[in-house]
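Undergrad: If you use the working numbering, the sequence shown corresponds to residues 9 to 265, in order.
There could be a bad hint or two in this list.
Straight-line Cα separation of at most 25 Å, SDA-like style, residue types lysine to any residue; simulated pairs [to be verified]: (1) Lys153 x Ile137; (2) Lys26 x Leu200; (3) Lys17 x Arg87; (4) Lys235 x Arg255; (5) Lys142 x Asn111; (6) Lys40 x Gly242; (7) Lys40 x Arg87; (8) Lys147 x Ala96; (9) Lys17 x Gly41; (10) Lys201 x Tyr157; (11) Lys40 x Val238; (12) Lys245 x Glu37; (13) Lys147 x Phe107; (14) Lys201 x Glu73; (15) Lys40 x Glu208; (16) Lys142 x Gln205; (17) Lys102 x Thr82; (18) Lys153 x Met177; (19) Lys17 x Val263; (20) Lys201 x Lys235; (21) Lys201 x Gln254; (22) Lys102 x Asn228; (23) Lys147 x Pro49; (24) Lys142 x Pro158; (25) Lys178 x Leu116; (26) Lys40 x Glu73; (27) Lys17 x Lys102; (28) Lys245 x Val263; (29) Lys40 x Val263; (30) Lys235 x Gly33; (31) Lys245 x Met177; (32) Lys142 x Lys153; (33) Lys142 x Ser162; (34) Lys133 x Glu151; (35) Lys17 x Ala207; (36) Lys17 x Asp83; (37) Lys32 x Pro49.
Per label pair, the in silico range of CB-to-CB distance [stated by the list, open to error]: (38) Glu151 x Pro49: 19 to 25 Å; (39) Glu151 x Gly86: 50 to 56 Å; (40) His210 x Asn261: 29 to 35 Å.
In short, the hints are calculated from the structure, not lab data. Just so it is clear, CB atoms sit at the ideal spot from N, CA and C, and this is done for glycine as well.
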Amino acid sequence: MENRESMIKVTNIYKRFKQFEALKGVSLEVSKGEVVAIIGPSGSGKSTFLRCLNRLEIIDQGTIEIEGDTLASTDPEGRVQYANETQARLICRKMGMVFQQFNLFPHLTVLQNVVEAPMTVKGVKYAEILPVAKELLRKVGLEDKMENYPSRLSGGQKQRVAIARALAMKPDIMLFDEPTSALDPELTGEVLKAMRQLAEEHMTMIVVTHEMGFAREVANRVVFMDKGEVIEEGSPKEIFDQPSQQRTQSFLNAVAK
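Based on the provided sequences and hints, a complete structural model is requested.
TA: Set out below in structure tokens:
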């Protein structure tokens, strides 16, 4: 890549849930405009890793830097120090996140769901965010559903609203946590199409996914995780065609069936 500006730099992070070690020294760096797909079996720590990036989970050790700003670091005594609340919020605001479940407000229309966060979190005026929201809904193919409530939408439509809602905050980085896993197969394509378009526009993205086709076609880099560790990473061709680790090979054979 020509521009190697670091957007995310995670060094040696650990996360425990009581006795269970979900992440065991995970490190990853993501450059501006890069699309990184994280694959691996259920329970390998993929979603936990994403949730640590924007402080939905608090790490037990390691360092997290977002666009050069330190969100969390470990002092010489081994204690994790987070940025103060104001700073942490500003850092986390650089990232938009799309979850497995759509988390839309059921009492708000599609349009209201998209304009809500910029208005309440950033204090953007309605007149200012309205054309932005309409354009984002057009972009994800839902301009004709603006006045609908989420209950009237299919799962794929809800997930595309969730993508538009995250983009309305103008993030520099998009995090996707298995965005198609709750969808019927025929609805998955429309969500992946919206994500492909973002990749073509050089949005920096980390995508935790079970969609191997998407990882192979769209990602610049694929990371394979298992049991809380990064087992290997490389280009899609390297990971899918010539994995160096037996665990990666076994996983890919299992998902290919």
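Undergrad: None of the hints should be skipped; say for each whether it holds.
TA: Against the structure, the hints come out as follows:
| no. | hint | result |
| --- | --- | --- |
| 1 | Lys153 x Ile137 | holds (17 Å) |
| 2 | Lys26 x Leu200 | violated (36 Å) |
| 3 | Lys17 x Arg87 | holds (19 Å) |
| 4 | Lys235 x Arg255 | holds (11 Å) |
| 5 | Lys142 x Asn111 | holds (20 Å) |
| 6 | Lys40 x Gly242 | holds (17 Å) |
| 7 | Lys40 x Arg87 | violated (30 Å) |
| 8 | Lys147 x Ala96 | violated (30 Å) |
| 9 | Lys17 x Gly41 | holds (14 Å) |
| 10 | Lys201 x Tyr157 | holds (23 Å) |
| 11 | Lys40 x Val238 | holds (21 Å) |
| 12 | Lys245 x Glu37 | holds (19 Å) |
| 13 | Lys147 x Phe107 | holds (19 Å) |
| 14 | Lys201 x Glu73 | violated (30 Å) |
| 15 | Lys40 x Glu208 | holds (13 Å) |
| 16 | Lys142 x Gln205 | holds (17 Å) |
| 17 | Lys102 x Thr82 | holds (22 Å) |
| 18 | Lys153 x Met177 | holds (20 Å) |
| 19 | Lys17 x Val263 | violated (29 Å) |
| 20 | Lys201 x Lys235 | violated (30 Å) |
| 21 | Lys201 x Gln254 | violated (32 Å) |
| 22 | Lys102 x Asn228 | holds (21 Å) |
| 23 | Lys147 x Pro49 | violated (32 Å) |
| 24 | Lys142 x Pro158 | holds (16 Å) |
| 25 | Lys178 x Leu116 | holds (21 Å) |
| 26 | Lys40 x Glu73 | holds (14 Å) |
| 27 | Lys17 x Lys102 | holds (14 Å) |
| 28 | Lys245 x Val263 | holds (17 Å) |
| 29 | Lys40 x Val263 | violated (30 Å) |
| 30 | Lys235 x Gly33 | holds (11 Å) |
| 31 | Lys245 x Met177 | violated (34 Å) |
| 32 | Lys142 x Lys153 | holds (10 Å) |
| 33 | Lys142 x Ser162 | holds (19 Å) |
| 34 | Lys133 x Glu151 | holds (21 Å) |
| 35 | Lys17 x Ala207 | holds (20 Å) |
| 36 | Lys17 x Asp83 | holds (17 Å) |
| 37 | Lys32 x Pro49 | holds (16 Å) |
| 38 | Glu151 x Pro49: 19 to 25 Å | violated (39 Å) |
| 39 | Glu151 x Gly86: 50 to 56 Å | holds (52 Å) |
| 40 | His210 x Asn261: 29 to 35 Å | holds (33 Å) |
In summary, the numbered hints that this structure violates are 2, 7, 8, 14, 19, 20, 21, 23, 29, 31 and 38.
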